[in-house]
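Starting from the two chains in their separate frames, assemble the complex, guided by the hints.
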Amino acid sequence: MIFTSLEFFIFLPLTLLVFALVGARWRCAWLLVASWVFYGAGHPVYLVYLGSVTIVALVLGWGVERAAGGRRVALLTVGIVGLAGSLIAFKYFDFAAGEFEKLITATLPGRSVSVPRLGITSPAGYSFIAFSALSYLIDIYRRSVSGEQRAVNVALYLAFFPKLLAGPIERAPAFFSQLSNRFSCGSTDIEPALQLIAWGLFKKVVIADNLAPLVDRNFAIAAFAAPLELLSSVYFFAFQIYCDFSGYTDIAIGVALLFGVRLMDNFRRPYLSVSTAEFWGERWHISLAHWFRDYLYIPLGGSRAGPLRHYFNVMLVFLVSGLWHAGLGYGVGWSFLIWGALNGTYQWIGLATRGLWRRLGEGIPAVRDSTWLTILRTLLTFHLIAFAWIFFRAKSIGDALTVIRKIAVNLTEFPALIFRYPFTAEHAMGASLIALLLAVEVLDQRRSIAQRLAAAPVPVRWAIYYLVIFGLLILGRWQAKEFIYMRF
Amino acid sequence: MTHQGKSAVTFIAIGLLIYAGLYLAAERLMYRNGHSNPFFKITMATRKDFEWVILGASHAMPLDFSDFNNQMQDQTGLKIINLASPGTGPLYNRFVLEAFVKEHSVRNVLYIADSFAFYSRVWNEDRFSDSKMIRTTPLTRNTTELLWHHSTSDHVDPRSLLDYLTGFSKINNRDRFQKDVWEGELQFDRVYRSSASAIKSRVSYLFPSGDREAALARYIAQFGKLLDTASTQNVRVVVIKMPVPAAFRSALPNEQAFDQALRGALAARGIDLQDFSGELDEPQFYFDTDHLNRAGVSELFARYLKALLMKPGSLPPSS
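For the protein sequence lines, the chains are L and H, in the order given. My numbering numbers the first residue of the first sequence as 59 and each following residue consecutively. My numbering numbers the first residue of the second sequence as 54 and each following residue consecutively.
Everything labelled a hint here was simulated from the structure, so no lab data went into it. Note that this is a predicted model, so its numbers are computed, not measured. No residue lacks a Cβ here, since even glycine has one placed at the ideal position from N, Cα and C. Be aware that one or more of the hints could be misleading.
[Unchecked claim] Far from chain L, some chain H residues (derived; all Cβ distances over 12 Å): (1) His88; (2) Thr96; (3) Tyr245; (4) Tyr258; (5) Asp264; (6) Ala267; (7) Arg271; (8) Gly277; (9) Ala304; (10) Ala314; (11) Gly317.
[Claimed, not checked] Computed list of chain H residues with no C-beta within reach of chain L, every gap over 12 Å: (12) Asn86; (13) Thr193; (14) Lys232; (15) Asp233.
[What the hints assert, rightly or not] Label-pair distances were calculated between CB atoms; the ranges are: (16) L:Gly109 - H:Gln327: 56 to 62 Å; (17) H:Arg227 - L:Trp520: 24 to 30 Å; (18) H:Ile67 - L:Ala155: 57 to 63 Å; (19) L:Ala497 - H:His202: 45 to 51 Å; (20) H:Gln309 - L:Ser172: 34 to 40 Å; (21) L:Gly177 - H:Gly68: 46 to 52 Å; (22) H:Gly68 - L:Leu434: 39 to 45 Å; (23) H:Gly68 - L:Phe481: 32 to 38 Å; (24) L:Gly177 - H:Glu198: 43 to 49 Å; (25) H:Leu77 - L:Ala474: 44 to 50 Å; (26) L:Phe481 - H:Glu236: 19 to 25 Å; (27) L:Phe481 - H:Val244: 27 to 33 Å; (28) H:Gln231 - L:Leu434: 38 to 44 Å; (29) L:Ala284 - H:Glu236: 19 to 25 Å.
The shape of chain H in the complex, shown without the other chains (with noise of 0.2 Å):
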C-alpha cells in the first residue's frame, strides 16, 4: 500500500472510532431525554404484561400527557400504555404493535382514528423518515428487523433503516439536550379560542393534495394488517374516534367516505366503531383547534372512557 493509501485507512479508521463515540453519547443522551417516543416507551417500560395498548396520531396523545395515564390507571386499576405519537397513521401504529407484541403482551388495543391518516403517505411511509422519530427511537434488534421488513415490503424508504443504523439523526439532534417531549403537551392546561383561519391551516395541513379515494383504499388496507397482527396475538380491538369541536369537524373533508369505509373494514372483523366526533363541543375542552385539554380528556374518560376500558371482556380472567 502507497503512504498515501496507509495515510487514508488511517484518517478513516480514526474517523469511525470518533464516529463510535458520539453515537455512543447520542443514543445515551436520548435515553435522558427521551420521553413520549412509542419505541422509547416500550423498551422503557417495566411490566410485561398489559391490559390496554393506545394507538393513534396526536389526538390520542392528551391520554397520556402530565399523570393522565396514571390517574387512568388508578381509577380502572388497569395497566394502560399509550404508544401514540404525532401525526401516524395505520402504517406506522402496525410498525409500533408489531413492536411492542414482541417484547410484551396486551390483551387490548384501542385504537383512536382520524381520517387524516388515512389520506396521505405523508402521516405513513413518510413518518418513518422523520427525523425526529428516528433520533428519539433507541437502537434495537427488534426494531431494526422491523424496520428492514417495513422497507422492503411496505414501501417504506430504506434511508429510514440507514438513518436509525447509523444514528446519523440522533448525533445531528439540535434540541440534543431537551426532553422529547411534544409541543402539545406544554399546552395542556391550556383553553382554546376557537379561530376559523386557524382551522383552515390546520385542515389544510393535514389533508395534503393527492388521490384520496386510492390513500383511503391502500390505509384502509393497512389498518385490516394491523387488525390482522392484533388478532393473530390475540388481542382484542376497540376503534374510537376522539371528540372534536363542530368547527373542526364540518371542515374536514371526505369524512363520510372514511367513516364508511373504517366501518366496512371493522364490521368484517366484527369490531365496532365508536363515535365520539360529535361528543364536547364546547371550547373549554380543547387546547388548540382540536386537542383535547385537561378539562377535555377528563370530561371523556368520566362519560365514555372509563366504563369502555372497564368493559367485560377486557379484563384479565381474574379481576
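In isolation and in its complexed conformation, chain L is listed as follows (with noise of 0.2 Å):
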C-alpha cells in the first residue's frame, strides 16, 4: 500500500480509530498488525520477508544480549552476513551472474559460462527493513539497547507503517523510549502532523510526479533529445528525487505523529546547502547518513585513524552508499558506482581545502559574511550534486556521458537558445513549481513554516491550507504508482 492510493485514505482513519478505541495496553499489538495489513497488501509475500528479518532480530538480538566473549561476536556476525548477505543477493545476485558471464565471454574467447540467476526481486523497502535490523543488532551489541524487549515491540519498531517503505532508518532506542510513552499523541500534534501531511503530498503528487515525465521521456532518448531538455530534465530531476523522498519522508513522520511516535527528520531543505560535506551530512537522507556514519565510519577509524585512512573512509562509505542505491528503478548498473565515487571525490575536495577555506574566512570576515558569497555556494553545492545526479537517473555510464556530453558542447549556446527555444506548458509547470519549493524552503531557513503558520491569522492560515489541498486535487498526478526510494 504506498501513501497515495485510496486504499491508504481508508487504511489511516480506520487505523487511527481503532487505535484511538483500544486500550494503551493494546496499541502495540494494534499498530503492529496493521502495519502487517499494510505491508501485505497486494503483495502477501512480502510478509515473509519481514517476517524472516523479524525472527532473525528476534532470536539474534536475544542471543546477542545473553552472550559473552566470542559467541557474542560470532551471533553478532552471523546478524550482519545474514542480512546484509540478503540485501546483496537479492539487489545484485542476478547483476553481478551477468557480468561475471560477460567478463568470461570477453576475456576467454570462445569460453562462455552459465551462472544460474535468483530471480528474486527485492520487497519493497526491504533496505530499509535490513538496515533497521542491523541497527538494532549492532546496538544490542554495544549496549545500546536491550536484547530482551518484548517480541511485538521488536516486531514493530521493523514493521512500522510509516516508516516501512522507505524510511526514516529510525534507531532503535529512541522507537523503544515512545513505546513505553504510551503513545502520547496531544491535540495539540495534529495539526503539524496534517500539515507534514499535506506537504509531503503535495511535494509527491504536485511537485515531483509532474516533473517526472518530461525527466523520463528526455532521459529515456538521451542521443536524441535536444541539450536543452537535457538540461532542463537534468534540473528537474534534483528536484523530482528531492520533492518524491523527502515528500514520502514527511508523510511518514506526519502519520507517525498522528500515532504518538516522533520519527527523526531526514531531510532539512538539501539544496540550500553551501557544501556538499553540509548536504550529505546534515541535510539530505539525514537517518542514512547517520546510519553509515555510526555503523560504518566510525567503526573504520573515522577521521581519527590519520589523514589516508580518513580519506579511505570517506570514499568508502561513499562507494557503499551509491551501492545501495543501484536497482532504484534506473537498473543496476555501475553508473552508482560513479555516483558515489563523485560525491566521494566532492569530500575529498572539501577536505583538502577546508583548511584553505577557513584561513581565508579568516582573514577576510567580510567576504565569510557575504549573502553573495553564501549565495553562490549554495548554486555550486547545488551544481555538484545536479551533475552526480545524471549518474543516479541514467540507464547506463554511457547515458549519462552522453547527457553530459551534449550538454557541456552546447553550454555556451545556452543563453542565447533560452530566450528561443519553444518551451511547452510542463516546462513552465515544472519551473514554477520549483520555483514555488525553493521560496518555500527560504521561508522555511529563516523561520519555519510550522511557526508562521501558528502565528498567522485562521483566515490567512486556512487560505493556504485550502490551496495546498486543493492544489493537490487540481495538479496532482495521482495515477503514479509508487515512491522512488520504495524500490531500495
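Spelled out as C-alpha cells, the structure:
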C-alpha cells in the first residue's frame, strides 16, 4: 500500500479509529497488525521477508544480549552476514552473475559460462527493514539497547508502517523509548501532523510527479533529445528525487505523529546547503547518513585514524552508499558506483581545501559573511550535486556521458537559446513548481513554516491549507505508482 | 463541541463548498470540450431514434472522424451514431449500449469486433477505471445506476463509481482546457509507412500477457450478454471485422481461436460474422499500423459498408 493510494486514505482513518478505541496496552499490537496489513496488501509474500527478518532480529538479538565473549561476536557476525547478505543477494546477485558471464566471454574467447539466476526481486523497502534490523543488532551488541525487548515491540520497530517502505531509518533506542510512553499524541500534535502530510503529498504528487514525465522522456532518448531538454531534465530530476523522497518522509513523520510517535528528521532543505559536506552530512537523507556514520565510518576509524585512512573511509562510505542506491528503478549498473565515487571525490576536495577556506574566512571576515558568497556557494553545491545525479538517473554510464557531452558542447549557446526555445506548458509548470518549492524552503530556513502558520491569523492559515489541498486535487498526478525510494 | 471540534467542522464545511464549486466548474468544462466520449454523445444526441449504433474499439472510430459520420448519413439517408471508444471490449460496449437504450431507441447495432478486446480485462473491466474515460463522461443518473450495476455484478472496480460520483478525475483533469479528441483523429488524413517494429510493439501492447483461453471464454460470454441486451430491445446486431494490413493481421496471436469462438457465439443467435479483415491491404488506406484513414474508410464504405447499412431489415418500415 502506498501513501498516495485510495486504500491508504481508507486504511489510515480506520487504523487511527481503532488505535484510539483500544486500550493503551493493546496499541502496540494493533499497530503491528495494521503495519502487516499495510505491507502485505497486494503482496502477501512480502510478509514472509518481513517475518524472516523479524525472527532473525529477535532470536539473534536475544542471543547477543545473553552471550558473552567470542560467542557474542559470532552471533552478531551471523546477523550482519545474514541480513547484509540477503540484501546483496536480492539486489545484486543476478546483475553480478550477468557481469561475470560477460567478463568470461570477453576475456576467454570461445569460452562461456552460465550462472544460474536467483530471479528474486527485492520486496519494497527491504533495504530499510534490513538496515533497521542491522542497527538493532549492533545496538544490542554495543549495549545501547536491551536485547530482551517484548517480541511485539521489536516486530513493530521493524514493521511500523509510516517508516516501513522508505524510512527514516529510525534507531531502536529512540523508538522503544516512545513505545514506553504509550503513544501520547496530544491534540496539539494533530495540526502539525496534518500539515506535514499535506505538504509531503504536495511535494510528491504535485511537484515530483509533474516533473517526472519530462525527465523520463528525455533520459530515455538521451542521444536524440535536444541539449536544452537534457539540461532542464537534469535540473528537474534534482527536484523530482528530492520532492519524491522528502515528500514520502514528511508524510511518514506526519502519520507517525498521529500515533504519538516522533520519527527523526530526514531532510533539512538540502538544496540550500553551502557545501557538499553539509548536503550529505546534515541535510539529505539524514537517517542514512547517520547510519553509515555510526555503523561503518566510525567503526572504520572515521577521521581519527590518520589522514590517509580518513580519506579512504570517506570514499568507502560513498562507494557503499552508491552500491546501496543501485537498482533504484533506473537499473542496476556501474553508474551508481560512479555516482558514489563522484560524491566521495567532492568530499575529498572539501577536506583538502577546508583549511584554506578557514584561513581565508578568518583573514577576510567580510567575504566569509557575504550573502553573495553564500548564494554562490549554494549554487555551486547544487550544481555539483545535480551533476552527480546524472549518473544516478541515467540507465548506464554511456547514457550519462551522452547527457553530459551534449550539455557541455552546447553550454555556450544556452543563454541565447533559452529565449528562442519553444518551451511547453510542461516546462513552465515544472519551473513554477520548483520556484514555489524554493520560496517555501527559503522562508522555512529563516523561520519554520510551522511557526509562521501557527502565528498567522486563522483566515490566512486556512487559505494556505485550502491552496495546498486543492492544489493536490487540481494539479496532482495521482496515477503515478510508487515513491522512488520504495524500490530500495 | 470543543472549540477545536467546531473549527474542524467549519474547515471541512468550507472545503466541501469549494469542492462543490470546483466540481461544477469541471463538469461545465467537460461539456464545453466534450467530443468523442460515447456517454457525452448519448447525452448530447438531439434525436431520440436512430437506425444504427456503431460499437467497438478504436478500429470503429474512424467512421466518425472528421465529418465521415455525416457523410455516411447523407449517402444512406440513415441516422447513425458512433459510440465506439478506444481500447474497449464487449463488457464496456455493453455498458455503452445499455446507457444508450435507456434514453434512445435504435433498430440496428453494428458491432466492430477486435480480437484483442476479447483477450484481456485491460480492455474490459479496467476501462471503467480509466480516468481519461471517466473525466469525459457527463454525470447522469442513468450512467450512475449502470456503473453501480457493473460494479456489483461484473467485477468492475468500485473505485470507478466513486471517481465518477466525486468528479475527482474531472477536477484533476490536466487536459481540462483541451477538446476531448482521440489522438488518432488528428492523423485521419495521414498515410502510414509500414514498420515491422511498430507492428510488434503495437501487438504486444494490445495483447498483454495472461490466461488468454479463460479471458476469451469470459469475454465471449460478455459479448453474449451484449447481444441479449440488444435482443431484449428488439435491436438487430451485425458484427464485422474491420480491414487491417496483412502484416498486422499475421502478427495477431490466437486470431483463429477468436474467430471460431465469435462465430460460435453468433451462430447460436443466428448472426453472421462479416469478416473484412482481409480487405484493403494497401498501406495508403491506413494512418498507422492498423487504423483506416480517410481514404480507407471511404473505400470500405463504398465497397461494403453502404450496402450493409442499407440492407433491408436495417431500415425503418416506411423507407
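These are the hints, each one checked on the structure:
1. His88: About 21 Å separates H:His88 from the closest Cβ of chain L, which puts it past 12 Å; holds.
2. Thr96: 24 Å, holds
3. Tyr245: 22 Å, holds
4. Tyr258: 17 Å, holds
5. Asp264: 20 Å, holds
6. Ala267: Non-interface label on H:Ala267 holds, nearest chain L Cβ at 22 Å vs cutoff 12 Å.
7. Arg271: Per Cβ check, H:Arg271 is outside 12 Å of chain L; nearest 23 Å; holds.
8. Gly277: 32 Å, holds
9. Ala304: Non-interface label on H:Ala304 holds, nearest chain L Cβ at 25 Å vs cutoff 12 Å.
10. Ala314: With a cut-off of 12 Å, H:Ala314 remains clear of chain L, as the shortest Cβ separation is near 32 Å.
11. Gly317: 37 Å, holds
12. Asn86: 16 Å, holds
13. Thr193: At about 23 Å from chain L, H:Thr193 clears the 12 Å cut-off, so the statement holds.
14. Lys232: Holds, because the least Cβ-Cβ distance between H:Lys232 and chain L comes to about 16 Å, which exceeds 12 Å.
15. Asp233: 18 Å, holds
16. L:Gly109 - H:Gln327: 56 to 62 Å: Once the Cβ atoms are compared, 58 Å apart, the range 56 to 62 Å for H:Gln327 and L:Gly109 holds.
17. H:Arg227 - L:Trp520: 24 to 30 Å: The hint (24 to 30 Å, Cβ to Cβ) holds, given that H:Arg227 and L:Trp520 are roughly 26 Å apart.
18. H:Ile67 - L:Ala155: 57 to 63 Å: At roughly 59 Å between Cβ atoms, L:Ala155 and H:Ile67 fall inside 57 to 63 Å, so the hint holds.
19. L:Ala497 - H:His202: 45 to 51 Å: 49 Å, holds
20. H:Gln309 - L:Ser172: 34 to 40 Å: Cβ of H:Gln309 to Cβ of L:Ser172: about 37 Å, so the range 34 to 40 Å holds.
21. L:Gly177 - H:Gly68: 46 to 52 Å: 48 Å, holds
22. H:Gly68 - L:Leu434: 39 to 45 Å: The hint (39 to 45 Å, Cβ to Cβ) holds, given that H:Gly68 and L:Leu434 are roughly 43 Å apart.
23. H:Gly68 - L:Phe481: 32 to 38 Å: Holds: the Cβ-Cβ distance is about 34 Å, inside 32 to 38 Å.
24. L:Gly177 - H:Glu198: 43 to 49 Å: Distance hint for L:Gly177, H:Glu198 holds at roughly 47 Å.
25. H:Leu77 - L:Ala474: 44 to 50 Å: 46 Å, holds
26. L:Phe481 - H:Glu236: 19 to 25 Å: 22 Å, holds
27. L:Phe481 - H:Val244: 27 to 33 Å: 32 Å, holds
28. H:Gln231 - L:Leu434: 38 to 44 Å: 43 Å, holds
29. L:Ala284 - H:Glu236: 19 to 25 Å: 22 Å, holds
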